[in-house]
Amino acid sequence: MLVLSITAAIFLIVAGILAYVLVKYRSRASNGEGEQEPPQIYGSNQIELSWTVIPILIVVMLFLATTRVVYTTERAQRPANALDVTVIGHQFWWEYRYPELGVVTANELHVPVSDHPQTLPTYLTMSSADTDHSFWVPRLAGKMDLIPNKVNTMWIDPQMKGLYLGQCAQYCGVQHAKMLIRVYADSPEEFAAWVEHQRQPAVDDPAVAEGRNVFMHNACISCHTIRGTVATGRFGPDLTHVGGRETIASGSVPNNPANLREFIDNPANFKPGALMPPMHLDTHDLDAVTAYLTTLK
Amino acid sequence: MATQIPVNELHDQGAQAPRRLWLEMLHGWVTTVDHKKIGLMYIGYALIFLVVGGFEALLMRIQLAIPNNHFVSPEVFNGLFTMHGTTMVFFVGMPILFGFGNYLIPLMIGARDMAFPRLNAFSFWISAFAGFLLYFSYIGGSGLYGAGSAPDVGWFAYAPLTARVFSPGHSTDYWTLALLLTGIGSIGTALNIVTTIICMRCPGMKMSRLPLLPWIYLVMSGLTFVAIGPLTAAQIMLMLDRYVGSHFFDTQAGGSAVLWMHFFWIFGHPEVYILVLPAFAFANEIIPVFSRKAIFGYPAMVAASVGIGFISLSVWAHHMFTVGLGPGGNTFFVLATMIISVPTGIKIFNWLATLWGGKIQFTASMMFAIGFLFQFLVAGLTGIMLSVAPFDWQLGNSYFVVAHFHYVLVGAILFMVFSAFYYWYPKMTGRMLNEKLGKWHFWLFVIGFHLTFDLMHVPGMLGMPRRIYTYEADRGWMIWNLLISSGAIIQTVATILFVYNMVSSYFKGPIAGSDPWDAWTLEWSIPSPPPSYNFAEIPIVGSRRPLWDLKHPDDPDTDYEMGQADPQEKQEEGA
Chain A
882 MLVLSITAAI FLIVAGILAY VLVKYRSRAS NGEGEQEPPQ IYGSNQIELS
932 WTVIPILIVV MLFLATTRVV YTTERAQRPA NALDVTVIGH QFWWEYRYPE
982 LGVVTANELH VPVSDHPQTL PTYLTMSSAD TDHSFWVPRL AGKMDLIPNK
1032 VNTMWIDPQM KGLYLGQCAQ YCGVQHAKML IRVYADSPEE FAAWVEHQRQ
1082 PAVDDPAVAE GRNVFMHNAC ISCHTIRGTV ATGRFGPDLT HVGGRETIAS
1132 GSVPNNPANL REFIDNPANF KPGALMPPMH LDTHDLDAVT AYLTTLK
Chain B
274 MATQIPVNEL HDQGAQAPRR LWLEMLHGWV TTVDHKKIGL MYIGYALIFL
324 VVGGFEALLM RIQLAIPNNH FVSPEVFNGL FTMHGTTMVF FVGMPILFGF
374 GNYLIPLMIG ARDMAFPRLN AFSFWISAFA GFLLYFSYIG GSGLYGAGSA
424 PDVGWFAYAP LTARVFSPGH STDYWTLALL LTGIGSIGTA LNIVTTIICM
474 RCPGMKMSRL PLLPWIYLVM SGLTFVAIGP LTAAQIMLML DRYVGSHFFD
524 TQAGGSAVLW MHFFWIFGHP EVYILVLPAF AFANEIIPVF SRKAIFGYPA
574 MVAASVGIGF ISLSVWAHHM FTVGLGPGGN TFFVLATMII SVPTGIKIFN
624 WLATLWGGKI QFTASMMFAI GFLFQFLVAG LTGIMLSVAP FDWQLGNSYF
674 VVAHFHYVLV GAILFMVFSA FYYWYPKMTG RMLNEKLGKW HFWLFVIGFH
724 LTFDLMHVPG MLGMPRRIYT YEADRGWMIW NLLISSGAII QTVATILFVY
774 NMVSSYFKGP IAGSDPWDAW TLEWSIPSPP PSYNFAEIPI VGSRRPLWDL
824 KHPDDPDTDY EMGQADPQEK QEEGA
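Same order as they appear, the protein sequences are chains A and B. Using my numbering, the letters of the first sequence map in sequence onto residues 882 to 1178. Using my numbering, the letters of the second sequence map in sequence onto residues 274 to 848.
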């Protein structure tokens, strides 16, 4: 990269001169006393001019290169087939809404892979529900802040299938550290299947009716949505297909019944400072709710 | 303005007045308006907070040394990084640099005190009070929703995290008030420095003969005027938001979070230069003396400092490349940020040219100054990299940035402050610091510094954001963090050596005499420590290096200045 090579070259030259000067012009006398003072040189306008003009030329070059990249990134032509996702930052989790597909999910973002013959970038429209956040998946793109009362956009185009990790990069409160991002780049077929599945309402398995009952009769519903039920809260993540996610607590721990149970019992077990309160369910109810949520594939 | 000269005391600087009671001594310090005593109190106060802030850093490094550590809770960690940043910038950086300025400027320009001695005392005490107020929050405040005491909103306290919805406790108020008060102190001192330099130079000291240290403090104080204003305004607006129901930054009611960022960074970036300019100032005095040569390109150095002063007012939004300012705004701040590297580069080249052809004496002071040169070069170059906006989109707010600005704050500023201690401690106390311990301090600190802050660039590039209290083991950041933390421990040891050196040399160090370094500026013409009236007779100077002229009547600076056609021009440029 241009910037890196220029700065490396400057470093080598200047540090080289420094080292040379230190060795060449070190004081030879064992004690400075009695030594002749070196000739006094006060300056030279020609030399000053040269080390003013040359850096200015370097700056102009770097600036032009930077400007080109800034404009090509921020003013990129949006392909007609690009996917739109609305990203909303919350303390301390991510809400993803696919307005054209009617899908709402949390913390695990699925996008189609955008390999070469078939470019399919995803455009993220971003804002925040509370404090500032920043969306940063280093291997996909630079970061972009999510700021309340402001709408930002960025785009990603993962070239390879797979999981890309990232996390919130703007301090947003107590659990800023565990506001992790997981982006799954799926093949077009997988992505289509995932979307189709996400559009279904929640599974209603009579075997876990008891847990469902506990969920619907506790405070859970005031913060969480499970589509097809009375739970329509918007404060916490949409749980319609929570059982199908690989992690819970915004990527902090693997999604298995033991972790889920511990999290519901007291979210501070994994995320002290998370806004979900401890639910104070008895063991029986806790097991029932865990079983219910596990079925929501 | 000038105090009276007690003529009968002129020649007995060695013999102190009879021993006074402890209480009388204390009373003397509390009520003093002497710029030297106030300067020393600034420095002492800053050193106490340096230890406190360093301890906070150490706790954080212990927490981050291994993944999923439970050494401190997230609430405590968030308080630690907020307090570390706030302390180091406002209660270490500012007072230590103001302290040296306070002490040295009147001595270097041949004055008997600052222009406004009482304002000087007021500024110190209000800043000192602000520091204690901030730390009182550990007892008196509680922070973010559900969190413990001490401010925990980050040292730049982005809105709307500071709104009452998110920070219901009072710790944010302690933070706000502390910054408000210390800002008043800073403006008072800056005003004092500017007035002193403009009005109180001794006869013959034209602006073109002003030593570079006061010159740069003049620029730094000018910047302080411009920079502290917006910060103070923003703090008042935040108070209004929190208690009167205004909505400047209250996004829930249509306020703007971005507005706070602009307010904060138009203070915050000039602040970086307020802190680094005095480091340049020290280097401008120390490097020539230990190279045994006059500074190369004095007019260019002045022009570069003034240039940095102006340009630094138009770079603030490079902290905001990821906020979504749009390509036009971003490229403007890219350009401004890159341009500032030109005058900064001029300074580095001039220092190199000063070394060139000299006879370099490797005293502890000079070694720290050379460390400064090298590290400032690296910091400048990573700064250029970060000024490239797309690079910043990737690495902004990551550990790469943390490494970059610690390279400036520690690698450049703190190194130069250490250098200044070794250089001026003999003047301040009358005794030399131990050179051998000084060199141990230097090498240990260099090793610790590079271990910590060189490696800190790496987890940033591997995707580790700043301000996280812990991280997962599978991210590959552990080994780096472990090494970074071990460097922090080496730096701690080095700092303990330094403190020990300062204390023991105060009692046992060799007597310094008035001019231990064979230096050239006016402060070395009077006894160490200087008497309260500084100069028995106000000196008259005929060049930039009055003591050089005295010591080398065969080759005085005056000759050179006579030959120069245009010192007048530079004077106008600076004014």
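Check the hints yourself; a few may be wrong.
Unchecked claim - Restricting the straight-line Cα-Cα distance to at most 25 Å, the calculated cross-link-like pairs of lysine to any residue (SDA-like) are: (1) B/LYS479 <-> A/ILE922; (2) A/LYS905 <-> B/LYS712; (3) B/LYS632 <-> A/ARG1108; (4) B/LYS709 <-> A/LEU903; (5) A/LYS905 <-> A/LEU883; (6) A/LYS1042 <-> B/LYS709; (7) A/LYS1031 <-> A/ILE922; (8) B/LYS632 <-> A/PRO1087; (9) B/LYS781 <-> B/ARG293; (10) A/LYS1031 <-> B/MET314; (11) A/LYS1031 <-> B/GLY597; (12) B/LYS632 <-> A/LYS1178; (13) A/LYS1031 <-> B/TRP538; (14) A/LYS1178 <-> A/ARG1108; (15) A/LYS1178 <-> A/THR1113.
FYI, nobody ran anything at the bench for these hints, they're computed from the structure.
Checked hints:
Using a Cα cut-off of 25 Å, the hinted pair B/LYS479 and A/ILE922 holds, with the two alpha carbons roughly 21 Å apart. The straight-line distance between the Cα atoms of A/LYS905 and B/LYS712 is roughly 21 Å, inside the 25 Å bound, and the hint therefore holds. Proximity of B/LYS632 to A/ARG1108 is assessed by CA-CA distance (about 80 Å); at most 25 Å being required, the pair is judged violated. At most 25 Å may separate the alpha-carbon atoms for a hinted pair to count; B/LYS709 and A/LEU903 meet this at roughly 20 Å.
Under the criterion of a C-alpha separation no larger than 25 Å, the hint pairing A/LYS905 with A/LEU883 is inconsistent with the structure, at around 33 Å. At most 25 Å may separate the alpha-carbon atoms for a hinted pair to count; A/LYS1042 and B/LYS709 exceed this at roughly 60 Å. With a CA separation close to 57 Å, the supplied pair A/LYS1031 and A/ILE922 exceeds the 25 Å bound. Annotation: proposed proximity of B/LYS632 to A/PRO1087 is violated, straight-line Cα distance about 89 Å (limit 25 Å).
Only pairs whose Cα atoms come within 25 Å are accepted, and B/LYS781 paired with B/ARG293 is accepted, the gap being roughly 21 Å. For the given pair, A/LYS1031 sits about 46 Å from B/MET314 by alpha-carbon distance, which is inconsistent with the 25 Å threshold. Annotation: proposed proximity of A/LYS1031 to B/GLY597 holds, straight-line Cα distance about 9 Å (limit 25 Å). Between B/LYS632 and A/LYS1178, the direct Cα distance comes to roughly 77 Å. Violation of the 25 Å bound is thereby established for this hinted pair.
Between A/LYS1031 and B/TRP538 the CA atoms are separated by roughly 19 Å; this keeps the pair inside 25 Å, and the hint holds. Our distance criterion of 25 Å between C-alpha atoms is met by A/LYS1178 and A/ARG1108, whose separation comes to about 13 Å. With a C-alpha separation of about 18 Å, the suggested pair A/LYS1178 and A/THR1113 falls inside the 25 Å cut-off, and the hint holds.
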